[in-house]
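**Q** Sequence:
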Amino acid sequence: MRKSLNILLVGVGGQGTILATRVLAKAAQEAGYDIKVSEIKGMAQRGGSVVTQVRLGEKVYSPLIAEGSADVILAFEKMEALRWLPYLKQDGHIIINDQAIAPVPVLTGAAVYPEDCLERVKQLACHTMVVDALNIAVDCGNPKAANVVLMGMLAKRLPITKETWLKALKARVPERFIDVNLKAFEQGFNL
21 MRKSLNILLV GVGGQGTILA TRVLAKAAQE AGYDIKVSEI KGMAQRGGSV VTQVRLGEKV
81 YSPLIAEGSA DVILAFEKME ALRWLPYLKQ DGHIIINDQA IAPVPVLTGA AVYPEDCLER
141 VKQLACHTMV VDALNIAVDC GNPKAANVVL MGMLAKRLPI TKETWLKALK ARVPERFIDV
201 NLKAFEQGFN L
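For the sequence shown, position 97 (counting from the first letter as 1) is numbered 117 according to our numbering, and the numbering increases by one without interruption.
Hints were generated in silico from the structure; no laboratory data involved.
Do not rely on the hints blindly, as some may be mistaken.
DMTMM-like cross-link-like pairs, simulated, lysine to aspartate or glutamate; straight-line CA separation at most 25 Å [what the hints assert, rightly or not]:
#1 K164 <-> E135
#2 K109 <-> D91
#3 K203 <-> D159
#4 K182 <-> D199
#5 K79 <-> D118
#6 K56 <-> D111
#7 K79 <-> E59
Have a look at the derived ranges for each label pair, beta carbon to beta carbon [unchecked claim]:
#8 K182 <-> V150: 17 to 25 Å
#9 L127 <-> E78: 29 to 37 Å
#10 C146 <-> E195: 36 to 44 Å
#11 K190 <-> A131: 36 to 44 Å
#12 K79 <-> N162: 15 to 23 Å
Heads up, the beta-carbon is just placed ideally off N, CA and C, and yes, glycines get one too.
The whole structure should be built from the sequences, with the hints applied where relevant.
**A** Right, dumping it as structure tokens:
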């Protein structure tokens, strides 16, 4: 295994970014990796930016990811993908949920939501995947499972077995939501 793997998860409050981070951390720990996590929840309950930095490897000393060093960015919202794009490595991968959630300045008319977010990301990142995770989650039975659709996509690209991911998901998701989340994970994994 290489020295470390840097994963940035970005979204807005209420999208399940923190749960996704906890499932990722549990899966990595179960797979035997040393892992460090840093969470930044800026006004998360009001739809503000939520960012988690996850580093895993044989031995990891710091949870912080420097600009230009993220191997993967998992973006739960497309403007957040654009905002955090400077953290992606030149050959890194970005997975984006094609969902727009207007921040407070946009809602109040003080700012305009950039309609060309995805085009700008695609121009700058050579490995870009865009998915409508929200509609896939709705088809699975719960729109709140969009985060798990994205985790399934991420899981396919990390050196952790699918079985380990499923075990971590079952350990972190409330039992009454397990079936919907397992469906959502499978849908994302198979994309």
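**Q** Now tell me if each hint is right for this structure.
**A** Outcome of the hint check:
no., hint, result
1, K164 <-> E135, "24 Å, holds"
2, K109 <-> D91, "6 Å, holds"
3, K203 <-> D159, "9 Å, holds"
4, K182 <-> D199, "16 Å, holds"
5, K79 <-> D118, "34 Å, violated"
6, K56 <-> D111, "23 Å, holds"
7, K79 <-> E59, "20 Å, holds"
8, K182 <-> V150: 17 to 25 Å, "23 Å, holds"
9, L127 <-> E78: 29 to 37 Å, "45 Å, violated"
10, C146 <-> E195: 36 to 44 Å, "41 Å, holds"
11, K190 <-> A131: 36 to 44 Å, "41 Å, holds"
12, K79 <-> N162: 15 to 23 Å, "38 Å, violated"
Figure legend: structure checked against the earlier numbered hints; hints not met, in rising order: 5, 9, 12.
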